[in-house]
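Colleague: Work out the full structure, taking the sequences as your base and the hints as a guide.
Heads up: the sequence lines are chains A and B, in that order.
For the first sequence, the positions run 0 to 313 when numbering that gives the first Met the number 0 is used.
For the second sequence, the positions run 0 to 313 when numbering that gives the first Met the number 0 is used.
If you are wondering where the hints come from, they were derived from the structure by calculation, not from laboratory data.
Given the structure is predicted, the values throughout are model-derived calculations rather than measurements.
There could be a bad hint or two in this list.
Identical chains share a label here; the pair holds if one copy fits it or two copies do between them.
Stated by the list, open to error - The list that follows gives simulated cross-link-like pairs (lysine-lysine, BS3-like), each with its CA atoms no further than 30 Å apart: (1) LYS107 <-> LYS138; (2) LYS273 <-> LYS107; (3) LYS306 <-> LYS190; (4) LYS241 <-> LYS107; (5) LYS273 <-> LYS96; (6) LYS138 <-> LYS17; (7) LYS183 <-> LYS117; (8) LYS183 <-> LYS277; (9) LYS306 <-> LYS17.
There are 2 protein chains.
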Amino acid sequence: MRKIEVIILGTASSIPTKDRNSSSIVIIREGEYFMFDCGEGTQRQMMKARLGFNRPMKIFITHLHGDHVLGLPGLLQTMSFLDRSRPLEIYGPRGLKKFIDCTLESLKVELTFDLKVKQIVEGVVYERHDLIVRAKRGKHSTLTYAYRFEEKERPGRFNVEKALALGVPRGPLWKKLQMGETVKVRDKIVKPEDVLGPPRKGLSVGISGDTRPVDDFSEFFKDVDLLIFEATYSDDHINIAKEYLHSTAREAAGIAKLCNVKGLVLVHFSNRYKDASKLVKEASEIFPNVIEGKDLLRIEVTEEGIKLASSSFL
Amino acid sequence: MRKIEVIILGTASSIPTKDRNSSSIVIIREGEYFMFDCGEGTQRQMMKARLGFNRPMKIFITHLHGDHVLGLPGLLQTMSFLDRSRPLEIYGPRGLKKFIDCTLESLKVELTFDLKVKQIVEGVVYERHDLIVRAKRGKHSTLTYAYRFEEKERPGRFNVEKALALGVPRGPLWKKLQMGETVKVRDKIVKPEDVLGPPRKGLSVGISGDTRPVDDFSEFFKDVDLLIFEATYSDDHINIAKEYLHSTAREAAGIAKLCNVKGLVLVHFSNRYKDASKLVKEASEIFPNVIEGKDLLRIEVTEEGIKLASSSFL
Numbered sequence: 000m001r002k003i004e005v006i007i008l009g010t011a012s013s014i015p016t017k018d019r020n021s022s023s024i025v026i027i028r029e030g031e032y033f034m035f036d037c038g039e040g041t042q043r044q045m046m047k048a049r050l051g052f053n054r055p056m057k058i059f060i061t062h063l064h065g066d067h068v069l070g071l072p073g074l075l076q077t078m079s080f081l082d083r084s085r086p087l088e089i090y091g092p093r094g095l096k097k098f099i100d101c102t103l104e105s106l107k108v109e110l111t112f113d114l115k116v117k118q119i120v121e122g123v124v125y126e127r128h129d130l131i132v133r134a135k136r137g138k139h140s141t142l143t144y145a146y147r148f149e150e151k152e153r154p155g156r157f158n159v160e161k162a163l164a165l166g167v168p169r170g171p172l173w174k175k176l177q178m179g180e181t182v183k184v185r186d187k188i189v190k191p192e193d194v195l196g197p198p199r200k201g202l203s204v205g206i207s208g209d210t211r212p213v214d215d216f217s218e219f220f221k222d223v224d225l226l227i228f229e230a231t232y233s234d235d236h237i238n239i240a241k242e243y244l245h246s247t248a249r250e251a252a253g254i255a256k257l258c259n260v261k262g263l264v265l266v267h268f269s270n271r272y273k274d275a276s277k278l279v280k281e282a283s284e285i286f287p288n289v290i291e292g293k294d295l296l297r298i299e300v301t302e303e304g305i306k307l308a309s310s311s312f313l
Numbered sequence: 000m001r002k003i004e005v006i007i008l009g010t011a012s013s014i015p016t017k018d019r020n021s022s023s024i025v026i027i028r029e030g031e032y033f034m035f036d037c038g039e040g041t042q043r044q045m046m047k048a049r050l051g052f053n054r055p056m057k058i059f060i061t062h063l064h065g066d067h068v069l070g071l072p073g074l075l076q077t078m079s080f081l082d083r084s085r086p087l088e089i090y091g092p093r094g095l096k097k098f099i100d101c102t103l104e105s106l107k108v109e110l111t112f113d114l115k116v117k118q119i120v121e122g123v124v125y126e127r128h129d130l131i132v133r134a135k136r137g138k139h140s141t142l143t144y145a146y147r148f149e150e151k152e153r154p155g156r157f158n159v160e161k162a163l164a165l166g167v168p169r170g171p172l173w174k175k176l177q178m179g180e181t182v183k184v185r186d187k188i189v190k191p192e193d194v195l196g197p198p199r200k201g202l203s204v205g206i207s208g209d210t211r212p213v214d215d216f217s218e219f220f221k222d223v224d225l226l227i228f229e230a231t232y233s234d235d236h237i238n239i240a241k242e243y244l245h246s247t248a249r250e251a252a253g254i255a256k257l258c259n260v261k262g263l264v265l266v267h268f269s270n271r272y273k274d275a276s277k278l279v280k281e282a283s284e285i286f287p288n289v290i291e292g293k294d295l296l297r298i299e300v301t302e303e304g305i306k307l308a309s310s311s312f313l
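Modeller: As structure tokens, this is what we get:
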């Protein structure tokens, strides 16, 4: 069964707390890391979550506020102290390169690996044969992007019995059918759809970054398995949410419902809330499958659904 | 009884660990904070130590390596989110201003308070009526300064019985004698030394920063009450200490002994050591009063000596 893991490394908003580190989320897929935001202290959160520093990895930054990027210089430095050899790519809004360059230069950090910083615009920001990452502008006090991480659709399951019944012998012809090619067996045409089940949708995760809910999200996050959405404020503070261009927990749930997601993780809680139960309650009135984001929470996303794993690796 | 408190916020060396944050030390004196270094994650360590963000405060940076300064931008940002109004001064080596300016500018951090960054040279870096902070160059792979924080000497205790015996009446003449003035009582001259005990030495703390032991330290740290010295390596790794320009625990103890300090706190342990007991043992063979630096350890420095307070505020 296919599976991706999501580790929520930090769940604070602009000001961290004793219990909540600044923003960072990691998707682990086949041993590869896809990090979204990297607030101050992320490297220690990675250690607590037992993540490695020389894994294949890409980092995607939603926006250039300190609580989303101030962990980058220390992470890059630690990777170098640990002799990282694999290249690393960081994607994010314009200004990202200047921030990284000026900090590394002022501190004379010498990288042991190839670092590429790519400033993005809306649309596909990363694509290869098996997955695609898209960005969509949000609405915040600075240029901000939401991300959609998605595995590509894979061919349907190969039906061995049907293939044999149609007289296709085990061997290279099976492979061709699996790859979508039509084949000929003793003057008989066999098409892929004769032996393959329906195409299998890849797993997908949406990440809001800091933003007001925007109309585009209803399409952008449509049918993602897991949506991780900022819920800085409760209903009581909707006016502050509007003023500072954040979302309430209820608004996050509205997007989750509209997009028909399987699970919603709330993150980025204002430090004014002693605990997030009120926010989870408000969201749950709109959408059933709400998960309170907690630091080091691990979530498994599979074809069968969303499952919480141990909440701590300590 | 006079007292200063020292809180060790971080005790890791270049790479933090699950249990040790990057470098930072705070001296608390009469409600005022004097911070030495500010590694990534220091603001959360301050929260865990229940330190405030709008206190009178000065920050002194030993050198511009990431593990000693990467907490500054986030700390300044959080202070502003919390509407800090008091001015803040940061002292450190050349290059400090560029680092702070470029990070705050790239992230568009707007400060709510007056920030002054002062690039220092060896000598007195801060002085006022009651205390003085001096810097001395260390020997490391980048320009680095050790610091000596010291209260100024205060006049000796006023001996009431002697004053009365000499016929000086309670009142303004006592005050004058305390302030060091000679007074006249019925044609009789009374000098301050007639009624005052010996001058009282202020409390003092030395902070090494990252450095090899250098000859100048024997004078610079002479007679400090508490010496906080880097002990990145154990005896086994003296060659690495020399190569990377750090000190061993034993070398730190050698300085402590030479300088006749009351207590030595070891900090900045390489992440290769699972625990620091071996380093403490090696130092203790040279000098008796060795304290293993631990994150959030609190130490009281008084005229009577050094005392450990609760090791955790959590």
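Colleague: Against this structure, judge whether each hint is valid.
Modeller: Each hint tested on the structure:
For a Cα distance limit of 30 Å, the shortest separation of LYS107 from LYS138 across copies, 17 Å, qualifies, whereas the shortest one inside one copy, 35 Å, does not. When the C-alpha separation of LYS273 and LYS107 is checked against a cutoff of 30 Å, the pair qualifies only between copies, where the shortest distance is 29 Å, while the shortest distance within a copy is 40 Å. When the C-alpha separation of LYS306 and LYS190 is checked against a cutoff of 30 Å, the pair qualifies neither within a copy, at 37 Å, nor between copies, at 82 Å. Taking the shortest Cα distances, LYS241 and LYS107 sit within 30 Å of each other only across copies (20 Å), while inside one copy they are farther apart (41 Å).
For the identical chains of this complex, LYS273 and LYS96 are neighbours neither inside a copy (36 Å) nor across copies (36 Å), given an alpha-carbon limit of 30 Å. Taking CA atoms no more than 30 Å apart as the test, LYS138 paired with LYS17 passes inside one copy only; the shortest distance there is 29 Å, against 36 Å between copies. Within a single copy, LYS183 and LYS117 get their C-alpha atoms no closer than 47 Å, and across copies no closer than 80 Å, so neither meets the 30 Å cut-off. In the homo-oligomer, the alpha carbons of LYS183 and LYS277 never lie at most 30 Å apart, since the shortest distance is 63 Å inside one protomer and 74 Å across protomers.
For a Cα distance limit of 30 Å, the shortest separation of LYS306 from LYS17 qualifies both inside one copy, at 27 Å, and across copies, at 26 Å.
Checked against the numbered hints given earlier, the structure breaks hints 3, 5, 7, 8 and satisfies all the rest.
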